[in-house]
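Q: Sequence:
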Amino acid sequence: MAGATSLSYDTLHEICDWAVAMSIGSPSVDEAPMNISQTCRIWRAVALSQARFWARLYCGHLCKVNIHLLSIWLERSGDTLLDITMDYALTKTDVGDVKRWYREILSKQSRWGIMKIDHGIVRRAREGSKPFRLRNLN
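Okay, so the sequence shown: first residue is 1 according to the working numbering, each after it adds one.
Hints should not be assumed to be uniformly reliable.
In silico SDA-like cross-links for lysine to any residue, where the CA-CA straight-line distance does not exceed 20 Å [stated by the list, open to error]: (1) K116 <-> D87; (2) K99 <-> I117; (3) K108 <-> D87; (4) K116 <-> L106; (5) K108 <-> W43; (6) K99 <-> R52; (7) K108 <-> G78; (8) K116 <-> Y102; (9) K108 <-> T80; (10) K99 <-> G60; (11) K108 <-> D79; (12) K99 <-> L74; (13) K108 <-> D97; (14) K116 <-> R103; (15) K116 <-> E104; (16) K108 <-> Q50; (17) K116 <-> L74; (18) K116 <-> G60; (19) K99 <-> T80; (20) K116 <-> I24; (21) K99 <-> W112; (22) K108 <-> A45; (23) K99 <-> D118; (24) K116 <-> D97; (25) K116 <-> Q50; (26) K108 <-> L70; (27) K108 <-> D83; (28) K99 <-> Q50; (29) K99 <-> D79; (30) K108 <-> S77.
To be clear, the hints were calculated from the coordinates, so they are not data collected in a lab.
Build the full structure now, drawing on both the sequences and the hints.
A: Below, the structure is given as C-alpha cells:
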C-alpha cells in the first residue's frame, strides 16, 4: 500500500469524491464509499471522514436489498440530509425486503432532503398487469 500512503489526504479525498459521484448510491460492498472504506486503513479513514459520502441512497430493481448494509450506510451518514431514490418494480416476493427498507428509511425521516419513489405502478398498468400496492409497513 505504499502508493496510497504516498498520496496526500487532499488527493485521496478528491479520489473518494469522484468515486462517490460515479456511484449509484446502493448500500453494497461493491459501491463507493463502502468499497473504499474496505481498501486499507488510510482509505477507510478518508471514506469515514465525510458523512456526505454516505448521504445518497438508491434502491432499485438491479439492487439486492441488504438491511445490514443500509443500517451501516445510514449510521455513517451522520446528520447529513439524505437523497433517497426508491426505483423498484414491486412483485409480491419483493414486499418483505421493501418493507424493511422503508422501516429503516422512515426512522430517518427528519433527515430526508430528497425522497423519490417509483414502484413501477404506472409502468405495469400500461403493460396490462394489475399493479401491486404496498398497503402498510406493519
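Q: Going straight from one Cα to the other, do K116 and G60 come out at no more than 20 Å?
A: holds (11 Å)
Q: Would you check the hint for K116 and L74, treating anything up to 20 Å between C-alpha atoms as holding?
A: holds (17 Å)
Q: Is K108 within 20 Å of W43, Cα to Cα?
A: Violated: K108 and W43 sit about 27 Å apart, past 20 Å.
Q: Between the alpha carbons of K108 and D79, is the straight-line distance 20 Å or under?
A: holds (9 Å)
Q: Just to be careful, I want the Cα atoms of K116 and I24 compared with a cutoff of 20 Å; is the pair within it?
A: holds (14 Å)
Q: Check the hint pairing K99 with I117 against an upper bound of 20 Å on the C-alpha distance.
A: holds (13 Å)
Q: Check the hint pairing K108 with L70 against an upper bound of 20 Å on the C-alpha distance.
A: holds (12 Å)
Q: Can you confirm whether the C-alpha distance between K99 and R52 stays at or below 20 Å?
A: Answer violated: K99 to R52 is near 25 Å, above 20 Å.
Q: Would you mind confirming whether the straight-line C-alpha gap from K108 to D97 stays at or under 20 Å?
A: holds (18 Å)
Q: Are the Cα atoms of K108 and S77 separated by 20 Å or less?
A: Within the cut-off at roughly 11 Å; holds.
Q: Within a Cα-Cα threshold of 20 Å, do K99 and T80 meet the stated pairing?
A: Violated: K99 and T80 sit about 23 Å apart, past 20 Å.
Q: Need the status of pair K116, D87: alpha-carbon distance at most 20 Å?
A: holds (8 Å)
The structure does not agree with the numbered hints 5, 6, 19, 22, 25, 28 and 29 stated previously, though it agrees with the rest.
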